[in-house]
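Construct the complete structure from the given sequences, taking the supplied hints into account.
Protein chains in written order, with the numbering used here: chain R, 1 to 217; chain H, 1 to 644; chain B, 1 to 379.
Treat the hints with care, as some may be off.
One-sided excerpt, in silico: chain R residues whose CB lies under 10 Å from chain H [stated by the list, open to error]:
#: 1; residue: 25
#: 2; residue: 36
#: 3; residue: 48
#: 4; residue: 55
#: 5; residue: 62
#: 6; residue: 142
The calculated lysine-lysine pairs, modelled on DSS-like cross-linking and capped at a C-alpha distance of 27 Å, are [unchecked claim]:
#: 7; chain 1: B; residue 1: 269; chain 2: B; residue 2: 360
#: 8; chain 1: B; residue 1: 269; chain 2: B; residue 2: 285
#: 9; chain 1: B; residue 1: 82; chain 2: H; residue 2: 432
#: 10; chain 1: B; residue 1: 352; chain 2: B; residue 2: 269
#: 11; chain 1: H; residue 1: 552; chain 2: H; residue 2: 432
#: 12; chain 1: B; residue 1: 360; chain 2: B; residue 2: 285
#: 13; chain 1: R; residue 1: 31; chain 2: R; residue 2: 186
#: 14; chain 1: H; residue 1: 440; chain 2: B; residue 2: 82
#: 15; chain 1: B; residue 1: 285; chain 2: B; residue 2: 212
#: 16; chain 1: H; residue 1: 563; chain 2: H; residue 2: 552
#: 17; chain 1: H; residue 1: 563; chain 2: H; residue 2: 432
#: 18; chain 1: H; residue 1: 432; chain 2: H; residue 2: 41
#: 19; chain 1: B; residue 1: 82; chain 2: H; residue 2: 552
#: 20; chain 1: B; residue 1: 126; chain 2: B; residue 2: 212
#: 21; chain 1: H; residue 1: 563; chain 2: B; residue 2: 90
#: 22; chain 1: H; residue 1: 552; chain 2: B; residue 2: 90
#: 23; chain 1: H; residue 1: 563; chain 2: B; residue 2: 82
Simulated from the structure, these hints should not be mistaken for laboratory data. Where is the CB? At the ideal position from N, CA and C, for every residue including glycine.
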Amino acid sequence: MAQAVVTAGPGELAHGGDPEHYTNTGVSNAKLAIWLFLSSEALFFGAFISTYFLYRGRDAQYLNKGVQNPLTPDRLFNIPFTSITSFVLLMSSLTMVLALAAIQRGDHRRLRIWLLATALFGLTFVGGQVFEFTEFYRHGLHLSTNMFGTTFYVLTGLHGAHVTMGIIWLLILWGRSMGDRLPTEKHEAVEIAGLYWHFVDIVWIFIFTAVYLIPQH
Amino acid sequence: MTTVEDAHALVKAPPLRTRLTQRPRTTTGPFSWITTVDHKKIAIMYGALALFFFLVGGIEALFIRLQLAQPNGTILSAARYNEFFTMHGTTMVFLMGMPLAAAFGNYLVPLMIGARDVAFPRLNMLGFWIFAFGGIFIYSSFGLGGAPNGGWFGYAPLTSTPMSAGLLPGRGVDFWCVGLIMLGIGSVATSVNFLVTILNMRAPGMTMMRMPVFVWMMLVIAFLTLFAMPPVTAALIMVFMDRNFHTNFFNAAAGGDPLVYQNLFWIFGHPEVYILILPGMGIVSEILPVFSRKPLFGYSIVVFSGIAIGFLGWGVWAHHMFASGLGPIAVSAFGLSTMLIAIPTGVKIFNWLGTVWGGAVRLRTPMLFALGFIAQFTIGGLSGVMHSIVPSDTQQTDTYFVVAHFHYVLFGGLVFAIFGGFYYWWPKFFGKMLNEQMGKLNFWLLVIGFNLTFFPMHFLGFEGQPRRTYTYPSGMGWDTMNLLATIGAFIIALGVLVFLVNVIFTARRGEPAPADPWDARTLEWSIPSPPPEYNFATVPIVTHLDDYWHRKYTEDDEGRLVKLPAGAAIDTDAATEAAVDPHSIHMPSPSYWPLVFAMALPIIGYGFVFKNWYLLALGVVWGFFGLNGWAYEPATEPDAGEGH
Amino acid sequence: MLERTNRVRRAAATAAVALAVVVLAGCGDKTGPNNKQNALRPAGPYAHQILNLFTPFFWVAVVIGVGVVGATIYVALRFREKPGEERAVKQTHGNVALEIGWTIIPALILMVMAVPTVATIFSLAKRPTGPNVVHVTVSARQWWWQFTYDDTHIVTANELHIPVGQPVSLTLVGPPPCNSPGCYNNGVIHSFWVPELNGKKDVVPGRTQFLKLKADRPGTFLGQCAEYCGLSHANMRLRVIAQTPADYQAWVQRQLQPLSAAALAQFSKYNQAWTCLACHSDDPKTPGAIAPNLTHVADRCMFAGDIFPTDESHLTDWIYNAPSMKPMQENPKNPLQPKVGMPNFSSVGMTKAQANEIAKFLLSNTATTDQQPPVECRS
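What follows is the structure, encoded as structure tokens:
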């Protein structure tokens with residue numbers, strides 16, 4: 001029975017970004033962790049998206065019945081506007097990829113530019129959402145108005161909250177880089193933030209398609 | 001404690017604005033428990049707090065049984081009874097069952113796979129503090145507007161109608177929703193930790209199929225938790241929003257469908273019961289081979305049936321909804337899938353019996369509990385199969401029959417396995433053997449009390465007694481069995497008391513335990529009792545399933561046990577151990593930040609429950625402060641490594 | 001050494017005896033008490049179908065259960081290691097044939113179970129058709145049951161009369177939805193359960209559910225709400241009274257009689273003082289807004305969710321201070337307390353004498369038979 005004298009502590013084993021650190025799967029602990037977390041989040045959004053689908057169209061027989069100018073998606077949505085903000089969010093994933101590429105080749109100036117760009121694009125998207133929400137609210141669509149109000153605001157609101165947390169995360173990374181505390185060896189930190197960011201973007205693609213693009217009567 | 005090196009470390013430290021207080025350094029003494037990141041200490045805290053909640057939930061049960069001992073009881077008012085049965089279920093599932101799995105998992109998984117700690121020690125600590133604060137948060141409701149009273153399952157629209165409608169008294173449900181979301185966050189964090197640890201940090205040679213069954217079970221439930229928590233979190237958010245923001249998720253007038261809640265809840269709820277029971281099955285799979293001196297019969301099948309149960313568990317959820325009007329096609333499908341899942345479950349039972357068969361059986365306390373598990377879990381499983389007969393289930397569901405069923409699997413099963421696990425691993429955790437005579441008394445009191453309490457309930461259910469009823473009329477013929485059940489409950493209480501006495505007695509005058517008091521099979525028994533902070537002086541290289549056993553024994557040509565000459569295994573460890581300087585082993589450093597961050601959650605929680613937006617904002621800011629401090633702090637201090 | 005063996009044997013035997021006592025205590029009378037709410041005493045074809053499906057598999061389960069428990073005790077004792085003995089145990093890792101066997105055999109048993117299960121599911125889901133079927137709409141409220149007969153439009157509460165031998169098709173609904181601002185009482189989930197006639201079916205607000213009943217013999221069959229619905233879930237009982245077709249028709253005719261003009265006038269006077277008709281109804285075909293129809297309340301054996309006998313003293317106490325008898329709203333002034341159910345009229349000035357007067361009125365003017373309580377209440 002061989003006994004190798006290996007005195008590695010878990011801190012060294014778990015430290016992401018160091019290619020020498022052995023993990024059974026070959027994926028670093030931090031990266032495996034974020035993938036697992038995102039798979040959990042996928043189900044979270046899945047629950048709200050399914051609920052949206054289950055309740056879609058109900059207002060016609062219930063709270064919108066007999067209402068003169070019912071508050072329905074086709075009367076409220078501004079698809080061109082939302083398409084633009086969606087495109088902005090999509091572009092933010094591109095800038096995120098560029099940010100990761102920058103730190104991986106040691107270009108910290110570009111890293112900061114692309115991180116900031118991603119955050120700003122994200123902020124633009126959230127701003128667009130806020131504008132959209134206030135517009136709908138002005139037209140009378142509240143959480144309690146009907147089923148559309150409930151499911152729409154909660155689903156997109158939760159998504160917007162996730163984007164916001166992502167923006168804060170990116171800005172913190174940007175701040176760290178500005179303070180010289182995000183060296184090239186720590187590129188995995190950017191990669192992990194990137195995974196979260198791409199996830200949030202993909203969820204939006206689902207939401208945009210399901211909620212905005214599929215016609216509803 | 002402070003040396004020149006420490007002073008240098010302070011000088012080189014990051015700027016003061018990110019280090020409000022000095023990072024804790026001590027790993028001994030009472031204060032170190034608050035800041036520890038050592039998985040073993042965290043496990044003990046999980047276990048101690050979960051045991052405390054077990055007692056609380058048990059007292060709630062005793063009150064329930066006192067109220068039901070006679071018809072038209074007056075011990076508890078209807079309102080109080082409804083709070084008690086809600087809290088009993090909520091406590092036992094979320095504050096006892098899951099944390100005890102986390103306790104055993106936390107202590108044993110790193111040891112069993114030959115690791116020195118889990119993948120994310122501070123995240124581990126966070127999981128514990130979220131559990132602690134979540135439990136306190138939910139229980140604080142008793143004095144802040146009423147405890148949760150919508151049942152542990154909280155069906156809408158009873159729970160989702162705003163408080164002002166008066167359908168259910170008090171704001172307990174708000175506490176319940178927010179508290180469970182909080183606990184869910186902790187569970188997901190802990191699951192990620194276990195998954196990464198098991199997948200990434202096994203010792204060299206420890207392939208997946210050489211892992212102990214207990215580790216496999218923890219792997220499966222970590223996946224289950226990861227995927228089960230989101231749907232219930234969504235459901236709880238919907239209930240909370242319906243209650244407080246007048247959304248329409250379950251508002252029938254708006255077209256809301258209460259069954260949406262039930263589907264979301266049970267998509268969580270059914271995997272949840274496997275999350276509860278699989279660690280118990282893992283514990284039993286560890287105990288039986290040791291006390292039979294034989295390997296687990298059919299290791300691969302036991303592992304694969306655990307995985308199968310994990311998968312199939314996602315396809316049976318609507319068997320909790322057979323009476324809710326799903327239609328014949330849906331209930332047929334779920335009835336069939338429920339019958340299907342009985343197969344891997346049954347297979348395990350036969351494999352366990354096959355393990356004991358032909359062995360050299362030592363009927364010590366852990367073994368008694370494991371055997372009790374087999375018998376009682378089987379009975380519970382059989383009543384479960386009765387439930388899968390859908391038309392019959394429409395008579396059984398929501399009656400005392402199903403109360404009998406799930407207590408047989410969760411108490412007669414899981415809790416017995418947990419007690420077995422306590423008696424089995426106590427020497428490893430604390431360096432002392434629990435007293436064997438008291439252990440046997442503990443066991444027999446529990447067996448008698450448990451069966452006396454819950455067996456009559458099978459009959460009560462068929463004879464018409466529904467569950468969740470604070471009283472029943474006289475003249476129904478239910479009086480005697482209810483009284484028997486109450487007596488049984490107090491016998492259970494006596495058994496638990498004996499356990500507590502045993503714990504205290506052992507702490508004072510317990511027999512000191514060697515590294516391997518049971519002649520066991522897995523790696524945790526190859527290190528001292530209790531283990532040093534770094535677990536393994538030298539990371540083991542694994543060549544077999546039950547690697548430790550194979551260092552002690554081999555087989556002759558007929559497969560019979562042959563003991564290896566003394567000094568083949570244990571002494572080598574001691575020698576190598578002495579050769580390694582513990583100070584060279586770098587362990588993660590203690591930290592305040594998980595505690596600080598965890599504190600933000602109840603603040604946010606109270607903000608939501610009382611609609612106090614200042615409190616909410618304070619909590620969010622506090623949370624960011626905690627997260628920030630955490631992120632800037634390295635996992636291990638560069639100057640650490642004295643081995644403490 | 002021998003003493004230890006004997007002690008263990010004795011302990012095991014004692015446990016086995018204790019267990020047997022518990023089991024047999026329940027098995028004494030194999031069908032359990034005759035409490036009219038016993039699923040083991042079916043009184044109609046649907047309940048019989050369920051019990052007939054269950055019984056054989058129950059015994060299979062008993063055999064397996066006894067077998068496994070017995071095997072557990074057996075292996076524990078048979079292979080016990082004597083102290084000091086060092087047995088060279090054979091390290092069996094498994095046995096493929098055995099493992100396949102004990103996977104396949106349970107699967108076969110389950111397959112056998114599945115076939116009649118699915119058949120019964122579909123049989124019980126089939127709606128009865130034909131002129132003989134009695135259609136009733138059941139509306140479940142906190143904490144009482146409203147029954148509306150679809151053909152005659154009779155509205156009654158908590159007590160369902162049905163003709164023997166004819167299928168009864170129940171449509172289960174919640175309360176009528178309200179979506180006016182501030183109105184959230186769209187009801188909660190209840191479950192209609194009369195064990196001796198059929199399994200239970202949930203009543204879900206917003207949904208329309210189906211359940212059928214049929215009694216093979218006259219009699220009273222008790223039921224209870226079987227889905228937690230708040231404070232008085234335990235007090236939401238009901239009864240089904242199966243009568244010969246002739247008796248049933250007589251009952252229908254009596255229910256159809258409106259109250260006399262004098263009685264209606266008296267009702268109106270009470271209504272002016274206490275707003276009874278804001279919640280209740282005094283017309284046989286009109287449901288009360290949120291409370292039981294009182295037109296023929298005196299004909300019903302029990303009231304308030306079938307928990308109190310319909311007699312003068314109970315009715316008086318109920319009208320005077322209902323929440324003191326059945327948990328509904330403990331403190332109306334407390335915003336955290338519910339506002340459901342019959343109010344506490346004593347707290348708004350009603351005297352016991354006034355309550356008694358109303359009770360006597362209800363008992364005398366709403367009864368349609370001479371005998372109080374009615375004949376069918378005495379079984």
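Now for the hints, and whether the structure bears them out:
1. 25: Hint on residue 25 of chain R: holds, closest Cβ of chain H at ~5 Å, below 10 Å.
2. 36: Holds, about 5 Å.
3. 48: 6 Å, holds
4. 55: 7 Å, holds
5. 62: 4 Å, holds
6. 142: 8 Å, holds
7. B:269 to B:360: 15 Å, holds
8. B:269 to B:285: 21 Å, holds
9. B:82 to H:432: 25 Å, holds
10. B:352 to B:269: Holds, because 18 Å separates the two Cα atoms, which is no more than 27 Å.
11. H:552 to H:432: 23 Å, holds
12. B:360 to B:285: 23 Å, holds
13. R:31 to R:186: Status holds; Cα separation ~12 Å.
14. H:440 to B:82: Within the cut-off at roughly 18 Å; holds.
15. B:285 to B:212: With a Cα-Cα distance of about 23 Å, the restraint between residue 285 of chain B and residue 212 of chain B holds, given a limit of 27 Å.
16. H:563 to H:552: 6 Å, holds
17. H:563 to H:432: 26 Å, holds
18. H:432 to H:41: 16 Å, holds
19. B:82 to H:552: 21 Å, holds
20. B:126 to B:212: Since the Cα atoms of residue 126 of chain B and residue 212 of chain B sit roughly 9 Å apart, the hinted pair holds (cutoff 27 Å).
21. H:563 to B:90: 13 Å, holds
22. H:552 to B:90: 16 Å, holds
23. H:563 to B:82: At roughly 18 Å apart (the allowed maximum being 27 Å), residue 82 of chain B and residue 563 of chain H satisfy the hint.
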